[in-house]
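*Asks:* Please construct the entire structure, taking both the sequences and the accompanying hints into account.
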Amino acid sequence: MASLSVKLFGRTLRNPVMNASGTLGYGEEIEPLWGVETLGAYVTKGLSLKPHHGNPVPRVWEERRGLINSIGLQNIGVDRFFNEHFAFFKEKKTPIIVNFFGFTEDEYVACAERIKPDKLIVALEMNLSCPNVKRGGISFGKDPDMVHQIVKLVKAVTPIPLIAKLTPEVKNIREIAQAAFEAGVDGFTLLNTIPSMVVDVEKRSIPIRGGLSGPALRPVALKAVYEISSSLPLPVLGAGGIMNSNDALSFIMAGACAVQVGTATFIDPYTIPKIIKGLGEYLERCRCPRITGIVGAVHG
Amino acid sequence: MASLSVKLFGRTLRNPVMNASGTLGYGEEIEPLWGVETLGAYVTKGLSLKPHHGNPVPRVWEERRGLINSIGLQNIGVDRFFNEHFAFFKEKKTPIIVNFFGFTEDEYVACAERIKPDKLIVALEMNLSCPNVKRGGISFGKDPDMVHQIVKLVKAVTPIPLIAKLTPEVKNIREIAQAAFEAGVDGFTLLNTIPSMVVDVEKRSIPIRGGLSGPALRPVALKAVYEISSSLPLPVLGAGGIMNSNDALSFIMAGACAVQVGTATFIDPYTIPKIIKGLGEYLERCRCPRITGIVGAVHG
Amino acid sequence: MDDIEAKVLSNDQIAPGYFLLKAKLPKPMDPATPGQFVMVKVSDSEVFLRRPFSIYDYNRGILSVMYKVVGKGTASMSTTRKGSTVSVLCPLGQGFTIQDREAYVVVAGGIGIAGVHALAKRLGRKTSLFFGCTGKTELPLIGDLTPFDPHVATLDGSAGFRGNVVQLLSKHLETLKEKDFEVFACGPENMLRSLKKLLEKQRVPCQASFEERMACGLGLCFGCVKKTVDEEDPYKRVCKEGPVFDLWQVCL
Amino acid sequence: MDDIEAKVLSNDQIAPGYFLLKAKLPKPMDPATPGQFVMVKVSDSEVFLRRPFSIYDYNRGILSVMYKVVGKGTASMSTTRKGSTVSVLCPLGQGFTIQDREAYVVVAGGIGIAGVHALAKRLGRKTSLFFGCTGKTELPLIGDLTPFDPHVATLDGSAGFRGNVVQLLSKHLETLKEKDFEVFACGPENMLRSLKKLLEKQRVPCQASFEERMACGLGLCFGCVKKTVDEEDPYKRVCKEGPVFDLWQVCL
Ligand SMILES: Cc1cc2nc3c(=O)[nH]c(=O)nc-3n(C[C@H](O)[C@H](O)[C@H](O)COP(=O)(O)OP(=O)(O)OC[C@H]3O[C@@H](n4cnc5c(N)ncnc54)[C@H](O)[C@@H]3O)c2cc1C
Ligand SMILES: Cc1cc2nc3c(=O)[nH]c(=O)nc-3n(C[C@H](O)[C@H](O)[C@H](O)COP(=O)(O)OP(=O)(O)OC[C@H]3O[C@@H](n4cnc5c(N)ncnc54)[C@H](O)[C@@H]3O)c2cc1C
Ligand SMILES: Cc1cc2nc3c(=O)[nH]c(=O)nc-3n(C[C@H](O)[C@H](O)[C@H](O)COP(=O)(O)O)c2cc1C
Ligand SMILES: Cc1cc2nc3c(=O)[nH]c(=O)nc-3n(C[C@H](O)[C@H](O)[C@H](O)COP(=O)(O)O)c2cc1C
Ligand code: FES
Ligand code: FES
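Taken in order, these protein sequences are the chains called A, B, C and D. Numbering-wise, the first sequence is residues 1 to 300 according to this note's numbering. Numbering-wise, the second sequence is residues 1001 to 1300 according to this note's numbering. Numbering-wise, the third sequence is residues 2001 to 2252 according to this note's numbering. Numbering-wise, the fourth sequence is residues 3001 to 3252 according to this note's numbering.
A portion of the hints provided could be inaccurate.
Dumping the calculated DSSO-like pairs for lysine-lysine here, alpha-carbon to alpha-carbon at most 27 Å [stated by the list, open to error]:
1. C:2136 x C:2121
2. A:92 x C:2240
3. B:1203 x D:3121
4. B:1007 x B:1050
5. C:2126 x C:2196
6. B:1274 x D:3024
7. D:3177 x B:1274
8. D:3027 x B:1274
9. D:3179 x D:3136
10. C:2041 x D:3041
11. D:3227 x D:3179
12. A:203 x C:2227
13. A:274 x C:2027
14. D:3007 x C:2082
15. D:3041 x B:1274
No lab work stands behind these hints: they were computed from the structure.
*Replies:* Below, the structure written as structure tokens:
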């Protein structure tokens, strides 16, 4: 039986498949269908220092082969997450990656500080798509200097490995990654949603402005994964329109040591278990002893 | 009968629907199915000072609901275009927009200089997605200063209205548009394709790296059209995944005074005539006397 | 809860623009309470997300869904043929909670009848049913609930009371005043809003089923929220904490 | 040229992995020459672009396409049912040009037979047909060309000559040497490459049909090019200037 396990920041994950942040609730919600212990690691919903109520509806909109969301980062706050939900993952011995965000540098730092190291916490994943309210609302992730600065500040307050989750809406993603790298980041998640909007032709209105996810994002995310993983010596987690094991394989071969599945779970809630199964079958089929053997397979 | 005609740079176009550059050959190719005089204006294939042979195959690849191309800007050069093809548009009295590009500032300028004003030439459309070989190959369109500079230089050598065609792979498209605006540009075309790539899981290879077009691009392009048209007093031409008249209407209501259709023509070569018909029917249905009445309808 | 490939037995138009889809589940659905819903996968390349529908009826392995064609998903559902398969994720959400009362009042507006059909049958006698719609062409939506001989209101006055269902209900509230009764409602948001106004004075206990655009239907995405009076977590998920809420908890 | 909604009359498997699709065109197709092709719209949500196929045969309003299942488009085509409709954009490209010669040689590799079928029928007598394939299971591809009693080569030697079709042809060239003859070929690129080598010395006139991935099939996108010896415009469009090219013009 081929091995799907991968090492990430010295921890061994049973497989390279995770949920994408914000697409598997707080974890318990999927229990009626399958358990979080199925995952290589559970990625938390985006957490912040203080709870956030999020945006009014509509928060989700269907695009041809894509989804536009403006959830507005609703979450119960980092403290309540650990008080109310962490025990669940302990009990299930499921490693987690804590996705977090802020609207100021201080919020990022303070939030990261609250998270105490634990053998189940594989890493912190910082969502850099958030607007920096002190800088006219431009996303932290768009400016190399802001990225460098925020990574440095957060690294200074936590011993937990730090993953930077980047936004596609940048001039040159290599430059952003480089800035994070020089500031000491430990890995990357690529990509977050693409800012987009919808026009309702009948109502002549804009029903939603939000982030585009799903298949539409895939070729763009794939390119980002390839570029960053082939240019920097850090682990890359791939996300963006992964709908099946073939898509997952393409990200892994492009250089992702693990993949995250989001939108696909909404169409078929069993997508993640199916992908894990499919990866195993692929390895058997091409007599490949372990998944780590094909990470970055297309790199020159 | 409602009116579809729109004014662009003082010229009257019979309708607001054009082909997107590079997706209708040199114009004659579509004749067996319908004539270029059907178009509001014909947008030329990207032209350059000297002919370009383009890239080896594969040049096109299918993505779920999208197309990835790396044609490599094959073209016969600006002089041959005017010697061999311009007469065709004269004879058909079809206004044209001349799309052009270069790999250095000099090439852009020299190419623009060759194009003599003519009552059929509505505008020059400069493709800013090209790599600036003198600046490490970063696209002109990604850097506000480069954009400002190149627009200024080109405006200085031609009296013909100048449209800047922008790339989505930027940090902040408003900032890019602003730079072009300050340099004296006359309008915008939004958007060009998104850089992306494909992995062949069986062959473990990268069959193609190229620009993603089609429906996947639509919500992103729509947002760009809305943002630029609502913040700058210049005409905007919308392009990106327009597949039917509903899509066209959403771009027009978002602020586009005209739309360009590319990839859709490959799936159904009659898409453009169908869209023109559909726009007319929409106006009739909602008793709107003219298409210009709904341009920017969703603007606050 | 499970994702089940069901076989379509019938999909008939019961009134102009309204359909009743019956599907046979190969395995029994987990016990469902009235007011719960399902997520239906529409087999159409242009429809990406599943669509939520109330469990109109479920028995002996046969699931029924009554729906109105409002957009591309329901339009393409309406073309589903007998014999084809649909995958349904079910049962989802929190349904109505039933306490023993002297009387029950069920209020439905238009297709909202689909959300209370199973409930009314469960409540049985002691139930008075109020149904409002635009005109008499929609009366077939009452279907097998006629035994309740429902009080009908039509906006165009083509049948029963001319006006909306809440106005009609207000006339009957008198007769119920003394009793310990509860109201159960499902319908358009503006109906629920005026219902709330009507019941405000006595603060009659009332459970209502709400709708919102959904992506997952499982509580995963937080896309389908309703604002409630809860200070700490105002936004509740219609698909998880709902679709049935205590009317007095919801901000309308 | 036109985009025509055709009605599928049959779509039978003629050999393992090979199908012959026959469709009735409601209106006649514009006059087509052998070697031209059509773009077929595959009705499958996962298939975005049309797919190019040679006109295997066209007469009395019935278009035939012979195809091999190689990927998702052809796989889903193979499930097309009798009675369903397919839209075909046709006829496209430049076919073979026929001059009067003392003899004709037609060389086909595998599914390449589809590209020369109509041609062989047009050339009639004076034609010797060479067909190469992997094994005898593919012999049915010869279909109604058996009257030409083709020289057959199979890679596994399960029928006719063991080896590839170009090796087989080389044995027969002697007999043709004196004559004024022309070669017409369609098949995988490596077959055309070795054919070119074989014919190089005498530079026998040869027209060959080429394949390339296509987006539009109309010459609009410049996506399907082949490199030729033309210095000024080396890249020619397979769908517009081709698919048939003078073998001596193409860089292989
Ligand atoms: C818990 C729940 C139970 C429901 N039960 C039923 C039912 O039993 N019968 C029935 O006919 N309908 C029911 N609905 C509404 C139904 O889900 C929508 O009408 C359907 O999703 C519309 O899909 P569409 O593709 O046809 O419309 P779309 O093209 O998606 O949108 C067309 C219109 O439908 C509205 N709409 C879209 N999605 C929803 C949604 N999730 N809720 C409300 N309005 C929406 C939009 O605002 C738009 O005006 C229910 C909704 C929920 C949330
Ligand atoms: C002018 C022309 C005439 C053709 N005539 C026939 C014919 O009569 N019968 C027949 O079976 N096939 C023919 N082909 C090849 C046929 O178009 C491809 O096999 C088909 O497009 C594959 O589609 P797919 O979705 O099944 O494969 P995909 O999933 O798209 O790709 C699977 C494999 O097919 C190859 N492929 C994809 N597109 C093409 C293409 N356009 N040309 C060549 N290879 C391709 C790819 O390289 C890949 O290896 C012709 C091609 C051209 C250009
Ligand atoms: C409903 C929804 C909520 C999301 N919430 C978050 C979040 O809180 N933090 C974050 O970093 N990314 C968030 N994302 C982005 C996803 O984690 C993922 O990066 C993106 O959706 C691309 O993957 P996909 O195409 O598989 O969905 C969210 C996406 C969706 C659709
Ligand atoms: C095959 C192909 C060739 C293209 N060539 C050019 C070009 O030469 N110059 C240019 O500015 N844009 C070019 N584009 C981009 C299109 O003009 C258009 O901006 C893009 O495809 C988005 O529109 P669509 O989704 O409708 O195709 C090309 C696109 C395609 C698919
Ligand atoms: S629809 Fe996803 S949480 Fe309700
Ligand atoms: S496929 Fe478009 S030019 Fe040939």
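*Asks:* If a hint holds in the structure, say so; if it does not, say that too.
*Replies:* We went through each hint and held it up to the structure:
With a C-alpha separation of about 23 Å, the suggested pair residue 2136 of chain C and residue 2121 of chain C falls inside the 27 Å cut-off, and the hint holds. A C-alpha spacing of about 22 Å is found between residue 92 of chain A and residue 2240 of chain C, which places the hinted pair at or below 27 Å, so the restraint holds. Pair hint residue 1203 of chain B plus residue 3121 of chain D does not hold up; C-alpha atoms about 38 Å apart against a cutoff of 27 Å. Of the supplied pair hints, the one linking residue 1007 of chain B and residue 1050 of chain B is violated, its CA atoms being roughly 32 Å apart against a limit of 27 Å.
In summary, the hint linking residue 2126 of chain C to residue 2196 of chain C is supported, as the alpha carbons are separated by about 22 Å, within the 27 Å threshold. A hinted pair counts as satisfied when its Cα atoms are at most 27 Å apart, and residue 1274 of chain B with residue 3024 of chain D qualifies at roughly 25 Å. With a C-alpha separation of about 56 Å, the suggested pair residue 3177 of chain D and residue 1274 of chain B falls outside the 27 Å cut-off, and the hint is violated. Annotation: proposed proximity of residue 3027 of chain D to residue 1274 of chain B holds, straight-line Cα distance about 21 Å (limit 27 Å).
Proposed proximity of residue 3179 of chain D and residue 3136 of chain D is contradicted: the alpha carbons are some 32 Å apart, above 27 Å. Note on residue 2041 of chain C and residue 3041 of chain D: the hinted pairing holds, with a Cα-Cα distance of about 25 Å set against a maximum of 27 Å. The suggested pairing of residue 3227 of chain D with residue 3179 of chain D is violated, with an alpha-carbon distance near 31 Å, which exceeds 27 Å. The straight-line distance between the Cα atoms of residue 203 of chain A and residue 2227 of chain C is roughly 24 Å, inside the 27 Å bound, and the hint therefore holds.
Proximity of residue 274 of chain A to residue 2027 of chain C is assessed by CA-CA distance (about 21 Å); at most 27 Å being required, the pair is judged to hold. As the CA atoms of residue 3007 of chain D and residue 2082 of chain C are separated by approximately 24 Å, the hinted pair is consistent with the 27 Å bound. Annotation: proposed proximity of residue 3041 of chain D to residue 1274 of chain B holds, straight-line Cα distance about 18 Å (limit 27 Å).
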